[in-house]
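Please construct the entire structure, taking both the sequences and the accompanying hints into account.
If you use full-length UniProt numbering, the sequence shown corresponds to residues 1 to 555, in order.
Hints listed in this document are in silico derivations from the structure and should not be mistaken for laboratory results.
From the three backbone atoms N, C-alpha and C, an ideal C-beta is built for every residue, glycine too.
It is possible that some hints are incorrect.
Result set (DSS-like, lysine-lysine): computed pairs, CA atoms no more than 25 Å apart in a straight line [as the list claims (entries may be wrong)]: (1) Lys319 with Lys206; (2) Lys294 with Lys82; (3) Lys196 with Lys206; (4) Lys419 with Lys449; (5) Lys72 with Lys105; (6) Lys319 with Lys208; (7) Lys196 with Lys208; (8) Lys170 with Lys105; (9) Lys319 with Lys196.
Simulated DEER-style distance windows between Cβ atoms [claimed, not checked]: (10) Gly133 with Lys365: 19 to 25 Å; (11) Asp481 with Lys206: 36 to 42 Å; (12) Asp225 with Arg3: 52 to 58 Å; (13) Ala90 with Glu471: 18 to 24 Å; (14) Leu132 with Phe409: 28 to 34 Å; (15) Met6 with Asp149: 17 to 23 Å; (16) Pro290 with Leu132: 46 to 52 Å; (17) Ala90 with Lys449: 20 to 26 Å; (18) Glu427 with Gln510: 21 to 27 Å; (19) Ser515 with Glu174: 34 to 40 Å; (20) Asp149 with Ala480: 27 to 33 Å; (21) Leu437 with Ala90: 21 to 27 Å.
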Amino acid sequence: MERETMGFDVVIVGAGPAGLSAACKLAQLSQQHQTNMSICVVEKGSQVGAHILSGALFETTALDELFPHWQKMDAPLKTTVKSDDFLYLATEHNHIRLPHFLTPKTMHNASSNYVISLAELCRWLASQAEQLGVEIFPGFAAASVNYDDNGAVIGVITSDMGRDKQGEPKANFESGIALNAKYTLFAEGARGHLGKDLIQHFELDKDKQPQHYALGIKEIWQLADDHPHYQAGNVLHGLGWPLNETHTTGGSFLYHLDNHQIAVGLITDLSYHNPYLSPFDEFQRLKHHPAISKYLRGGQRIAYGARAIAKGGLYSLPKQQFPGGLLIGCDAGTLNFAKIKGCHSAMKSGLLAAQAVFDCVQAGKRHSEPDYDSLFRASWLYRELENAQNFCATIHRYGNVAGGVINSFEQNVWVPLFKRPAPWEMEAPHHDHLRLLDISHCEPIAYPKPDGVLSFDKPSSVYLSGARHEENQPCHLRLADASIPIQIHLEKFAEPAQRYCPAGVYEVVQVDGESRFQINAANCVHCKTCDIKDPSQNITWVPPEGGGGPNYSNM
Numbered sequence: 001m002e003r004e005t006m007g008f009d010v011v012i013v014g015a016g017p018a019g020l021s022a023a024c025k026l027a028q029l030s031q032q033h034q035t036n037m038s039i040c041v042v043e044k045g046s047q048v049g050a051h052i053l054s055g056a057l058f059e060t061t062a063l064d065e066l067f068p069h070w071q072k073m074d075a076p077l078k079t080t081v082k083s084d085d086f087l088y089l090a091t092e093h094n095h096i097r098l099p100h101f102l103t104p105k106t107m108h109n110a111s112s113n114y115v116i117s118l119a120e121l122c123r124w125l126a127s128q129a130e131q132l133g134v135e136i137f138p139g140f141a142a143a144s145v146n147y148d149d150n151g152a153v154i155g156v157i158t159s160d161m162g163r164d165k166q167g168e169p170k171a172n173f174e175s176g177i178a179l180n181a182k183y184t185l186f187a188e189g190a191r192g193h194l195g196k197d198l199i200q201h202f203e204l205d206k207d208k209q210p211q212h213y214a215l216g217i218k219e220i221w222q223l224a225d226d227h228p229h230y231q232a233g234n235v236l237h238g239l240g241w242p243l244n245e246t247h248t249t250g251g252s253f254l255y256h257l258d259n260h261q262i263a264v265g266l267i268t269d270l271s272y273h274n275p276y277l278s279p280f281d282e283f284q285r286l287k288h289h290p291a292i293s294k295y296l297r298g299g300q301r302i303a304y305g306a307r308a309i310a311k312g313g314l315y316s317l318p319k320q321q322f323p324g325g326l327l328i329g330c331d332a333g334t335l336n337f338a339k340i341k342g343c344h345s346a347m348k349s350g351l352l353a354a355q356a357v358f359d360c361v362q363a364g365k366r367h368s369e370p371d372y373d374s375l376f377r378a379s380w381l382y383r384e385l386e387n388a389q390n391f392c393a394t395i396h397r398y399g400n401v402a403g404g405v406i407n408s409f410e411q412n413v414w415v416p417l418f419k420r421p422a423p424w425e426m427e428a429p430h431h432d433h434l435r436l437l438d439i440s441h442c443e444p445i446a447y448p449k450p451d452g453v454l455s456f457d458k459p460s461s462v463y464l465s466g467a468r469h470e471e472n473q474p475c476h477l478r479l480a481d482a483s484i485p486i487q488i489h490l491e492k493f494a495e496p497a498q499r500y501c502p503a504g505v506y507e508v509v510q511v512d513g514e515s516r517f518q519i520n521a522a523n524c525v526h527c528k529t530c531d532i533k534d535p536s537q538n539i540t541w542v543p544p545e546g547g548g549g550p551n552y553s554n555m
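Put into C-alpha cells, the structure is as follows:
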C-alpha cells in the first residue's frame, strides 16, 4: 500500500509526562546547540490529556530540572499537600489510623508534594513543547513499528482511518502515515501495545522478573462550598477492606483537590486469585465505608476513569534501549511503587532519553542503540528504584499487612541507616494472568446493587468517562481464538472478563439458548486490563481509530 511519509529526527509516541518531557528536553538541547532538530509527538487521544489518568500526587524533582522556573510559568501545580494520613480499613465499619512511623517514609507526602490533575500538567507541558518548536499530532494512533532490513526501528505507522467493521475501506478512507525518524521514543503508558511488541521483538525482558500490574479506578466528586469535611491539600491513603475479604492486595486513595473537588479511587493488584472478584464493584463498596463516605455525601460525581499501572519495579524493568529507539516511562515500568508515584519518574526517564538520543544525533548516528542505560544508572531515578526494588514483590509474597511491615523496615530503617538498598532479593515470579484459581476453589461474591448516591453501575460510569468510538470500525479488542471464552473460560473461571473489565466491555449473553461472548468495544476506556489479566492471553488490545476512547478533562 502506498502511504504518505513524513521524516523527523525524533518521533515520540505518546503525549504523557514521559513523552512530553523528552520532547521539551530535546527541543531545549537543540536550541542550546543551534541544531534545528525536528521533533514530532503523536498522540492517540483526541487531544493532549484525553487519555491521561493518574491519582495524582506529584513530586517536582524532574520538573525542577526541566523547567527550573515553573512556578513563574503558570504550571498547574497549585495545591500542596497539607496533611497526610494512612488508614487500615479493618472491616466495612471500622478503621485504624496508622502512625507515620509505621508507614514507609516513601509514602509521606506532606509539604513536599502537590495534588494535581496529570491531564492538566500534560496539556501545560504540550504548550511548552510547542513553544519550543515541537510538532504535536493528537488524534493519531501509532498502529505499528517500522523496522529496517537489519531489524532496527526506523519509525512508526499510524492507524488507517475509515475502515468498516470488516476492515474494508469506507468512502472516507485514509491510509496511515509512515512517520520515519532517526530515533523513536515509545512513551505509551503502562502496557503499551507497541512497547509489548518491542519487548518481545528485542527480548528486552530476558532474565527479568515478570512485570506486574494493578488496575486503578478513579472518580472525581464536586462538593459544595460549605462541605464540612473538605480541605484542599488533604491526602488519605488506605488499605484493607474491601480487598482483604478476598485476600487481594491493593489500596485506596482520597485526595482533596482545589475548587472543592475530591479524587477518590481504588488500586487493585491484578495478581488476585478469585475469578469472581470485580475491581469495579469493590470500588463501589469502598465508597460506603464511613472513613470514605463522609467526604462524598452531599457531593456529585462528575468524572470516572480507569487505567492499568505497571508496578513491578526495578526487577521487572526491561532493557529500555534497542537499535533505533527507547522504551520510556510507564511503557517500560519506571513507576516507584514504594511512593505510589510514577509521574516524576516517567518525566526523568524522558529527560534521560532525550539526552541519550540527542548525543546520537549530534554524533551523526541514526538507528543505532542509544546509550540510555549509562545515564540511567548514574541518575537519581535509578537509585530511587533500586532502594525500592523489593517493594512490589514483598507485598505479593506476604500481603498488605506483613509485607507492609517488611517494607516499612526497609524504607524507614535499612535504607536511611546504610544508605543503600537491602541486600536480600524478593521474587514475584508468576505473571498476573496465571494467578487465577479455578472457580471450584473460590466462593462467588454477591455485590450489593448500587444506590445511585455513593455507588453506581458501569454504564453511567462509562458515560462520565466521555468514551466515544466510531461504531463502524474494526474491533480493537482482538481474540486469538474466539472459542476460548465460552468453551474454556466460562466453565473454568466463569469468564472473568465480565468482571475484571471496569467498563462493561465484555458480556456472556444467551442467544437461542446458547452462551455467546459479546464485546461492546464502544465502552472501552483503554485501561488495558483485558490484555493483562486474560488467563489465556487470548485478548489483545490494539488502538482504534485515532481520537477514539475516553475524553478525560481533569483526571
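Results of checking the hints against the structure:
{"no.": "1", "hint": "Lys319 with Lys206", "verdict": "holds (8 Å)"}
{"no.": "2", "hint": "Lys294 with Lys82", "verdict": "holds (19 Å)"}
{"no.": "3", "hint": "Lys196 with Lys206", "verdict": "holds (13 Å)"}
{"no.": "4", "hint": "Lys419 with Lys449", "verdict": "violated (50 Å)"}
{"no.": "5", "hint": "Lys72 with Lys105", "verdict": "violated (30 Å)"}
{"no.": "6", "hint": "Lys319 with Lys208", "verdict": "holds (9 Å)"}
{"no.": "7", "hint": "Lys196 with Lys208", "verdict": "holds (15 Å)"}
{"no.": "8", "hint": "Lys170 with Lys105", "verdict": "violated (57 Å)"}
{"no.": "9", "hint": "Lys319 with Lys196", "verdict": "holds (12 Å)"}
{"no.": "10", "hint": "Gly133 with Lys365: 19 to 25 Å", "verdict": "holds (22 Å)"}
{"no.": "11", "hint": "Asp481 with Lys206: 36 to 42 Å", "verdict": "violated (27 Å)"}
{"no.": "12", "hint": "Asp225 with Arg3: 52 to 58 Å", "verdict": "holds (54 Å)"}
{"no.": "13", "hint": "Ala90 with Glu471: 18 to 24 Å", "verdict": "violated (47 Å)"}
{"no.": "14", "hint": "Leu132 with Phe409: 28 to 34 Å", "verdict": "violated (45 Å)"}
{"no.": "15", "hint": "Met6 with Asp149: 17 to 23 Å", "verdict": "holds (21 Å)"}
{"no.": "16", "hint": "Pro290 with Leu132: 46 to 52 Å", "verdict": "holds (49 Å)"}
{"no.": "17", "hint": "Ala90 with Lys449: 20 to 26 Å", "verdict": "holds (25 Å)"}
{"no.": "18", "hint": "Glu427 with Gln510: 21 to 27 Å", "verdict": "violated (44 Å)"}
{"no.": "19", "hint": "Ser515 with Glu174: 34 to 40 Å", "verdict": "holds (39 Å)"}
{"no.": "20", "hint": "Asp149 with Ala480: 27 to 33 Å", "verdict": "holds (29 Å)"}
{"no.": "21", "hint": "Leu437 with Ala90: 21 to 27 Å", "verdict": "holds (25 Å)"}
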